[in-house]
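Asker: Listed below, chain by chain, are the residues.
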Amino acid sequence: MLPLLVAAMAFLAALALAGEVGVRALAAHWQEGAGSALTVQVPRPNGEENGQARIDRALDVLRDTPGVASAHALSDRELADLLRPWLGGGDERLSIPLPGVIAVRLAPGAADPEQLASRLATAVPGTLTESHGVWMQRLSLLAGSLQACAWLALAVVAAVAAAVVAIATRAGLAARREAIEIVHGLGATDGYIANRFAGRTTALAAVGGLLGALAALPVLLALAWLVAPFAAARPEGVADPSGLALLAVLPGPLWLVLPALPMATAAIGFLTAQGTVRRWLRRLP
Amino acid sequence: MVQLESVGLQYHPAGADRPGPEVLHDVSFAVPRGGFRWLLGPSGAGKSSLLRLLHLAVRPTSGRLTVMGTEVAHAERRALPALRRRIGMVFQEFRLLPHLSAYDNVALPLRIAGRPEGQIRADVTAMLHWVGLEKAGETRPAELSGGEQQRVAIARAVVNRPDLLLADEPTGNLDDTQAERLMVLLAELNRLGTTVIVATHNDTLVARHPGAALRLDSGRLFARD
Numbered sequence: 141m142l143p144l145l146v147a148a149m150a151f152l153a154a155l156a157l158a159g160e161v162g163v164r165a166l167a168a169h170w171q172e173g174a175g176s177a178l179t180v181q182v183p184r185p186n187g188e189e190n191g192q193a194r195i196d197r198a199l200d201v202l203r204d205t206p207g208v209a210s211a212h213a214l215s216d217r218e219l220a221d222l223l224r225p226w227l228g229g230g231d232e233r234l235s236i237p238l239p240g241v242i243a244v245r246l247a248p249g250a251a252d253p254e255q256l257a258s259r260l261a262t263a264v265p266g267t268l269t270e271s272h273g274v275w276m277q278r279l280s281l282l283a284g285s286l287q288a289c290a291w292l293a294l295a296v297v298a299a300v301a302a303a304v305v306a307i308a309t310r311a312g313l314a315a316r317r318e319a320i321e322i323v324h325g326l327g328a329t330d331g332y333i334a335n336r337f338a339g340r341t342t343a344l345a346a347v348g349g350l351l352g353a354l355a356a357l358p359v360l361l362a363l364a365w366l367v368a369p370f371a372a373a374r375p376e377g378v379a380d381p382s383g384l385a386l387l388a389v390l391p392g393p394l395w396l397v398l399p400a401l402p403m404a405t406a407a408i409g410f411l412t413a414q415g416t417v418r419r420w421l422r423r424l425p
Numbered sequence: 054m055v056q057l058e059s060v061g062l063q064y065h066p067a068g069a070d071r072p073g074p075e076v077l078h079d080v081s082f083a084v085p086r087g088g089f090r091w092l093l094g095p096s097g098a099g100k101s102s103l104l105r106l107l108h109l110a111v112r113p114t115s116g117r118l119t120v121m122g123t124e125v126a127h128a129e130r131r132a133l134p135a136l137r138r139r140i141g142m143v144f145q146e147f148r149l150l151p152h153l154s155a156y157d158n159v160a161l162p163l164r165i166a167g168r169p170e171g172q173i174r175a176d177v178t179a180m181l182h183w184v185g186l187e188k189a190g191e192t193r194p195a196e197l198s199g200g201e202q203q204r205v206a207i208a209r210a211v212v213n214r215p216d217l218l219l220a221d222e223p224t225g226n227l228d229d230t231q232a233e234r235l236m237v238l239l240a241e242l243n244r245l246g247t248t249v250i251v252a253t254h255n256d257t258l259v260a261r262h263p264g265a266a267l268r269l270d271s272g273r274l275f276a277r278d
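In order, the protein sequence lines correspond to chains A and B. Residues in the first sequence are numbered consecutively from 141, following my numbering. Residues in the second sequence are numbered consecutively from 54, following my numbering.
If you are wondering where the hints come from, they were derived from the structure by calculation, not from laboratory data. Accuracy of the hints is not assured; some may be wrong.
Anything over 10 angstroms on all C-beta distances counts as not near chain B; from chain A, calculated [said to hold, decoys possible]:
1. 170
2. 207
3. 223
4. 225
5. 254
6. 287
7. 319
8. 322
9. 323
10. 324
11. 328
12. 363
13. 392
14. 411
15. 425
Short, incomplete list of chain B residues facing chain A, as computed with Cβ under 10 angstroms [unchecked claim]:
16. 121
17. 125
18. 134
19. 135
20. 138
21. 139
22. 142
23. 144
24. 150
25. 166
26. 168
27. 171
28. 227
By construction, the Cβ of each residue, glycine as well, lies at the ideal position given by its N, Cα and C atoms.
All chains should be modelled from the sequences, with the hints used to inform the complete structure.
Answerer: This is the structure:
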């Protein structure tokens with residue numbers, strides 16, 4: 141019974157840890173160069189402004205602005221990639237006019253986005269400058285909250301696992317009360333008796349942790365496969381989720397976490413059993 | 054070896070906020086190293102409680118109990134296991150571990166003391182031979198007769214060469230021949246220097262093996278002779 145209960149706890153812990161790792165990966169991906177990124181939309185990019193294409197004019201203004209690390213006009217193809225999730229792919233181009241889009245990267249802490257926005261609007265009327273900073277703050281907050289939830293879930297799962305081990309140990313002590321009293325009477329120390337119990341409990345908890353980790357593996361692989369496009373982690377050339385290549389989608393940290401689960405449950409089993417037995421033995425002189 | 058000065062004992066029943074009645078009252082005596090004592094008295098006189106005190110299974114509630122130089126009432130809890138390992142105890146109901154073979158039951162005190170397996174094998178084999186059970190090593194207690202179980206219990210009590218051997222009605226489950234054989238074993242241990250205290254109400258046995266006696270009645274010590 142104990143290994144199965146511990147396996148269930150380990151399974152939940154694996155899910156919580158996967159959530160933590162996943163959110164961390166997504167947040168890191170979103171935040172790549174985060175706070176210092178801007179998107180500039182230029183409506184009618186090929187229209188003329190001061191004898192120059194409006195998009196080129198906007199680029200010139202950006203390149204003349206100190207503190208702008210890079211400004212890159214998205215090509216039609218890049219734009220199409222960006223819009224595909226919402227407007228679909230396919231070569232028949234949309235009939236609605238698309239604005240030109242410039243991805244801007246600012247040197248850290250240099251230019252003031254508001255000032256830059258007004259300069260652009262003066263030079264090329266109609267441009268919209270969107271700072272990612274606000275969104276990044278909101279996403280960071282969300283990611284942080286999700287990570288905190290994952291850690292909380294992990295702590296609760298660990299506490300429940302410890303409680304399960306303590307209850308099982310107490311039941312074992314009650315069932316072997318007479319044998320323990322005999323061994324105690326023969327001069328066994330608390331440590332000797334606790335080690336006997338903890339050794340068995342540690343093994344059972346480790347088996348439980350192993351079962352839980354193995355049960356969690358397919359679920360995590362499926363989740364990782366679903367998350368991969370968002371985290372840009374789907375390896376090149378893996379078209380369908382089958383075979384060994386699938387294993388590559390699982391984030392590296394999870395390959396450390398999963399083998400650590402049996403060790404963690406074993407540690408919880410050992411420490412809880414030791415504590416429970418030693419406290420119980422205090423009733424004997 | 055053992056010294057009691059005005060020792061009293063009350064049990065604290067589990068869950069009760071007041072201690073139970075006093076099962077031993079104002080008991081004083083001393084047994085020197087290598088001594089032998091019968092512990093006599095009717096059932097309920099407190100013989101078993103006195104042996105439990107001497108075996109450090111309970112601590113006295115009053116008075117002063119000194120066992121092998123350690124004052125028991127105030128000794129640190131962690132000091133007691135080492136002391137218990139120097140005391141052998143034979144219970145009336147044997148108290149063998151049912152899931153262990155006779156060999157492993159006898160080996161238990163040595164394993165608890167952390168002796169090397171090689172020495173354990175030699176000692177346990179010799180001990181089983183001494184009690185006439187050299188062929189019963191792999192047998193579990195349930196498959197042994199009462200007398201054989203008693204001999205396993207005695208082998209377990211003395212395998213560690215205790216300085217103090219306590220026996221509570223050790224002949225209660227034995228016929229006369231086996232009881233006689235047990236007394237010979239105890240006398241031999243005593244001759245080899247072990248302090249021995251035997252609680253019994255088997256008067257024939259005491260008559261055949263006269264020795265100094267402690268007489269208990271209603272928790273009080275009536276005679277030391």
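Asker: With reference to the structure, classify each hint as holding or not holding.
Answerer: Evaluated hints:
| no. | hint | verdict |
| --- | --- | --- |
| 1 | 170 | holds, 57 angstroms |
| 2 | 207 | holds, 70 angstroms |
| 3 | 223 | holds, 73 angstroms |
| 4 | 225 | holds, 66 angstroms |
| 5 | 254 | holds, 72 angstroms |
| 6 | 287 | holds, 45 angstroms |
| 7 | 319 | violated, 6 angstroms |
| 8 | 322 | violated, 5 angstroms |
| 9 | 323 | violated, 7 angstroms |
| 10 | 324 | violated, 8 angstroms |
| 11 | 328 | violated, 5 angstroms |
| 12 | 363 | holds, 46 angstroms |
| 13 | 392 | holds, 45 angstroms |
| 14 | 411 | holds, 20 angstroms |
| 15 | 425 | violated, 5 angstroms |
| 16 | 121 | violated, 13 angstroms |
| 17 | 125 | holds, 9 angstroms |
| 18 | 134 | holds, 5 angstroms |
| 19 | 135 | holds, 7 angstroms |
| 20 | 138 | holds, 3 angstroms |
| 21 | 139 | holds, 8 angstroms |
| 22 | 142 | holds, 6 angstroms |
| 23 | 144 | holds, 9 angstroms |
| 24 | 150 | holds, 6 angstroms |
| 25 | 166 | holds, 7 angstroms |
| 26 | 168 | violated, 12 angstroms |
| 27 | 171 | violated, 20 angstroms |
| 28 | 227 | violated, 21 angstroms |
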